[in-house]
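Novice: One letter stands for each residue in the lines below.
Number of protein chains: 2
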Amino acid sequence: MAKKRPLILVTNDDGITAPGIRTLIEVMNSLGDVCVVAPDSPQSGMGHAITVNDTLYCDRIKVAKNEPQSEYSCSGTPVDCVKMAVNEILKRKPDLCVSGINHGSNSSINVIYSGTMSAAVEAGTMGIPSIGFSLLDYSLEANFDHCREYVRKLAEESLKHGMPEGVVLNVNIPKLPKEEIKGMKVCRQANAHWIESFDKRVNPLGREYYWLSGEFVNMDKGEDTDEWALKNGFISVVPVQFDLTAHHAMKDINSWDL
Amino acid sequence: MAKKRPLILVTNDDGITAPGIRTLIEVMNSLGDVCVVAPDSPQSGMGHAITVNDTLYCDRIKVAKNEPQSEYSCSGTPVDCVKMAVNEILKRKPDLCVSGINHGSNSSINVIYSGTMSAAVEAGTMGIPSIGFSLLDYSLEANFDHCREYVRKLAEESLKHGMPEGVVLNVNIPKLPKEEIKGMKVCRQANAHWIESFDKRVNPLGREYYWLSGEFVNMDKGEDTDEWALKNGFISVVPVQFDLTAHHAMKDINSWDL
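Chains as they are written, first to last, in my numbering: chain L, 1 to 258; chain A, 259 to 516.
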């Protein structure tokens with residue numbers, strides 16, 4: 001090959017053996033040289049957590065024989081994996097980082113809880129074009145077949161155009177037969193939140209404990225949101241930023257007597 | 259008292275017995291009825307993590323005698339604490355949530371790793387005016403005396419004006435003698451990131467492990483940033499949003515061949 005193949009970092013939050021990441025690796029192998037650095041166990045809901053008070057293990061492994069990617073299993077969070085990959089394992093900055101495919105939605109406010117998206121954001125802070133992918137199916141037996149062509153298309157376009165500065169993509173894919181998917185739609189994050197109901201139980205020693213258990217509430221009727229797109233058969237593509245400054249609110253706060 | 263006192267939720271990420279939260283509780287007791295729901299152990303760098311695959315304990319405790327606040331110690335993350343407080347413990351939505359005072363900086367990009375700020379953001383998603391406070395001193399023996407008047411002022415103004423919708427405040431306080439503090443400054447988040455250097459060691463069994471150890475790099479020369487303010491003796495106040503949509507990038511991504 002005359003042209004240099006792009007270097008692609010693959011990670012996720014469901015763990016290195018999850019079916020979602022195996023699909024992602026398969027597609028990326030057709031686009032470039034792939035290095036996988038992913039958690040050794042499920043890390044759902046880890047958000048942007050990093051491991052500051054504990055040690056990290058990171059071992060080279062081989063999950064699947066006869067596949068070209070190099071693979072590392074890391075004891076840390078998804079964000080740790082990205083830091084480890086870029087600063088310790090890879091010899092040069094990757095041309096693209098892809099995270100997922102998550103087993104379950106990371107649309108709207110879920111972006112802030114998501115280990116999948118936080119890994120993508122972490123790569124974004126390092127100036128690496130980066131995309132997080134999620135399928136709206138929590139099952140470990142989820143069918144990722146219909147994701148492939150869209151994952152490839154987005155990766156190709158990112159490699160071609162690069163990413164606008166300070167931006168990563170949050171891509172959610174509906175659980176639908178291939179022929180019912182209407183295409184991709186660039187959207188904004190819907191205004192939604194969770195209302196938690198804690199499931200209180202008593203352990204065998206008589207001590208009360210809880211399971212977190214919530215209800216997702218979408219308060220946004222806009223037809224330009226990711227929730228609308230997903231409900232209407234589209235794949236949602238939300239450009240996400242990590243400059244969290246609410247520039248529009250600065251005037252307001254400046255009017256306070258501080 | 260004729261007027262109803264405000265209900266104030268206090269949390270942090272350094273744990274319920276950390277000196278920083280004790281200072282915050284003391285100030286809040288002079289402004290309203292205080293409920294503390296905070297982690298039972300340090301949770302630094304937990305970002306917006308939530309506990310989805312494990313149980314949660316939450317016990318009523320009394321850290322300090324003769325103080326009016328109610329206190330709950332929770333086995334979860336800072337975000338879990340806020341969810342637990344609002345959905346399980348409190349009888350009504352609090353009028354204000356304050357988180358901290360963190361032992362160490364949460365300025366610029368640190369906002370996304372910070373358990374302190376993620377707790378504040380979580381309360382913000384529930385429509386609760388919310389502020390995260392951090393002192394630029396990691397020591398457990400840090401002196402919080404000079405923080406009191408600014409913490410009180412910001413809490414009072416938030417109770418008076420409410421918070422712009424979808425916004426929480428990220429407040430960082432320099433480690434300076436009181437007389438050297440020049441006041442508060444409403445700022446934007448500086449464009450900065452971390453470059454990690456992993457400290458590789460070998461455990462007694464011969465297996466390699468790592469400690470995460472990074473260098474903070476500020477790439478932003480603007481004089482309207484939180485980093486500039488802190489370096490120049492000001493307390494930085496950054497309005498932070500949790501709609502992460504990069505609206506300015508939508509046109510760009512829409513030009514891709516998707």
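One should not assume that every hint holds.
Which chain A residues face chain L? A few, computed with CB under 7 Å, are given here [stated by the list, open to error]:
id : residue
1  : 305
2  : 308
3  : 345
4  : 371
5  : 396
6  : 415
7  : 439
8  : 442
9  : 503
10 : 512
Computed from the model, here is a short list of chain L residues facing chain A with C-beta under 7 Å [unchecked claim]:
id : residue
11 : 44
12 : 46
13 : 51
14 : 177
The set of hints was computed from the structure by calculation and includes no laboratory data. Small disclaimer: the values here were computed from a predicted structure and weren't measured. In this text, a Cβ means the ideal position worked out from N, Cα and C, and glycines have one as well.
Novice: If a hint holds in the structure, say so; if it does not, say that too.
Specialist: Now the hints, each set against the structure:
{"no.": "1", "hint": "305", "result": "holds, 3 Å"}
{"no.": "2", "hint": "308", "result": "holds, 4 Å"}
{"no.": "3", "hint": "345", "result": "holds, 4 Å"}
{"no.": "4", "hint": "371", "result": "holds, 6 Å"}
{"no.": "5", "hint": "396", "result": "violated, 11 Å"}
{"no.": "6", "hint": "415", "result": "holds, 4 Å"}
{"no.": "7", "hint": "439", "result": "violated, 12 Å"}
{"no.": "8", "hint": "442", "result": "holds, 4 Å"}
{"no.": "9", "hint": "503", "result": "holds, 4 Å"}
{"no.": "10", "hint": "512", "result": "holds, 5 Å"}
{"no.": "11", "hint": "44", "result": "holds, 6 Å"}
{"no.": "12", "hint": "46", "result": "holds, 5 Å"}
{"no.": "13", "hint": "51", "result": "holds, 6 Å"}
{"no.": "14", "hint": "177", "result": "violated, 20 Å"}
In this structure, the earlier hints numbered 5, 7 and 14 are contradicted, and the remaining ones agree with it.
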